[in-house]
Amino acid sequence: MSDEQAKLKKLEDAGILEKRQFSPEELALVAKISDEEIEVLVKLRKRLGAPAADKHHIRPNIFV
Amino acid sequence: MADAIRSAMEDLLGPPMAEATAAARQEPLSAGHGAALWMKFTLAQGLLNTAAQRFWSDPEMPRFFPAFLVELYSIVRCSVPLMERALARAEELAPHDELARVTAGYLRLHIAEERHHDEWLLDDLVAAGMDREALLKNPSSANAARLVGAQYCWIEHAHPAAIFGYLGIIEGNPPLPQHIEEIRRQTGYPSDVFRSMHLHAVHDADHLAALKATMLALPLTAADERFIATSAFATLESLVRILEDIASGGEDDGSTATL
Numbered sequence: 036m037s038d039e040q041a042k043l044k045k046l047e048d049a050g051i052l053e054k055r056q057f058s059p060e061e062l063a064l065v066a067k068i069s070d071e072e073i074e075v076l077v078k079l080r081k082r083l084g085a086p087a088a089d090k091h092h093i094r095p096n097i098f099v
Numbered sequence: 573m574a575d576a577i578r579s580a581m582e583d584l585l586g587p588p589m590a591e592a593t594a595a596a597r598q599e600p601l602s603a604g605h606g607a608a609l610w611m612k613f614t615l616a617q618g619l620l621n622t623a624a625q626r627f628w629s630d631p632e633m634p635r636f637f638p639a640f641l642v643e644l645y646s647i648v649r650c651s652v653p654l655m656e657r658a659l660a661r662a663e664e665l666a667p668h669d670e671l672a673r674v675t676a677g678y679l680r681l682h683i684a685e686e687r688h689h690d691e692w693l694l695d696d697l698v699a700a701g702m703d704r705e706a707l708l709k710n711p712s713s714a715n716a717a718r719l720v721g722a723q724y725c726w727i728e729h730a731h732p733a734a735i736f737g738y739l740g741i742i743e744g745n746p747p748l749p750q751h752i753e754e755i756r757r758q759t760g761y762p763s764d765v766f767r768s769m770h771l772h773a774v775h776d777a778d779h780l781a782a783l784k785a786t787m788l789a790l791p792l793t794a795a796d797e798r799f800i801a802t803s804a805f806a807t808l809e810s811l812v813r814i815l816e817d818i819a820s821g822g823e824d825d826g827s828t829a830t831l
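Those protein sequence lines, which keep their order, are chains A and B. Start counting the first sequence at 36; every next residue gets the next number (my numbering). Start counting the second sequence at 573; every next residue gets the next number (my numbering).
None of these hints come from the bench; they were simulated from the model. Ideal Cβ placement from N, Cα and C applies to all residues, glycine included. Heads up, a few of these hints could be off.
[What the hints assert, rightly or not] Dumping the calculated DSBU-like pairs for lysine-lysine here, alpha-carbon to alpha-carbon at most 30 Å:
| # | chain 1 | residue 1 | chain 2 | residue 2 |
| --- | --- | --- | --- | --- |
| 1 | A | K42 | B | K784 |
| 2 | A | K90 | A | K78 |
| 3 | B | K784 | A | K45 |
| 4 | A | K54 | B | K784 |
[Unchecked claim] To give an idea of the chain B side of the interface with chain A (calculated C-beta under 7 Å), a few residues:
| # | residue |
| --- | --- |
| 5 | A608 |
| 6 | L615 |
| 7 | L620 |
| 8 | T622 |
| 9 | A624 |
| 10 | Q625 |
| 11 | W628 |
| 12 | S651 |
| 13 | E686 |
| 14 | N745 |
| 15 | P747 |
The whole structure should be built from the sequences, with the hints applied where relevant.
Below you can see the structure in the form of structure tokens.
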């Protein structure tokens, strides 16, 4: 597995990335994210726990 | 003597952030960095949505909703002054800095779009039964100060384009009318409390489209991309902490005890 594929898998396994939602071009950009940045995202994802089910309409409602 | 100390410090710590950023910005520019940055924002926005789903689905949400409103006001009232400071810095740098010139152009338009929104939100909080004068005098929570203060640090000491990371996360998930109505039903507050949320539901999708178009065209180096992503991820972490602390009744929950 290439480094880029490994990065995508890591994000997918962590529940951060759903590959089917992105085009091949977008996934190519995601695969270039640095290891350090991926770690930040994975760490935060673990802290958040499981997402609430059937709540896709929910938004933060925070604005500037 | 001062130069010797400065030199010794730089040996230990590297050059000051602004100089480091300026040096890094001698790298080749590429429009592709904007697209890569936007993908980072997209992943981060997904995480913020996950945090939001937990926050708004909490059975205790009606109890802590007033604290959310106070914290939201703390953030919103900082927004235009923050963008004005970023604009001023960008205008200072613009004659010799293309990224600063584009940043300034974007901010001039966006500040006009966001001006007075703090006053509208204040009216909404008053409609929720809070005291206007007390809200105006209420100092922002440490969490809100951390969120906004990080931007002042980067704007002053690195580059005003940091604010794209802030805006990209906060404006990345515009409110949805269906969700606002759900909150209204769950909390029992009158419709007037949700006027600002509804206005943002209407307008923020356009704001997001304009921000994305700007981001994709930004003249960025690889170092700029990393820098703005750092700002975005710090913004994400601060917002998650704000939601967590409000829900848990933490010390930085924007206490409404005196409001």
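Hint check results:
1. A:K42 x B:K784: 24 Å, holds
2. A:K90 x A:K78: Roughly 22 Å separates the two Cα atoms, so the pair holds.
3. B:K784 x A:K45: Roughly 26 Å separates the two Cα atoms, so the pair holds.
4. A:K54 x B:K784: This hinted pair holds, its Cα atoms lying about 21 Å apart.
5. A608: 5 Å, holds
6. L615: 6 Å, holds
7. L620: 6 Å, holds
8. T622: Result: holds, 5 Å to nearest chain A Cβ.
9. A624: 4 Å, holds
10. Q625: Holds. Min distance 4 Å.
11. W628: Where the cut-off is 7 Å and the nearest Cβ of chain A is about 5 Å from W628 of chain B, the hint holds.
12. S651: 4 Å, holds
13. E686: With Cβ-Cβ at 6 Å, under 7 Å, it holds.
14. N745: 5 Å, holds
15. P747: Cβ of P747 of chain B sits 5 Å from chain A, so the hint holds.
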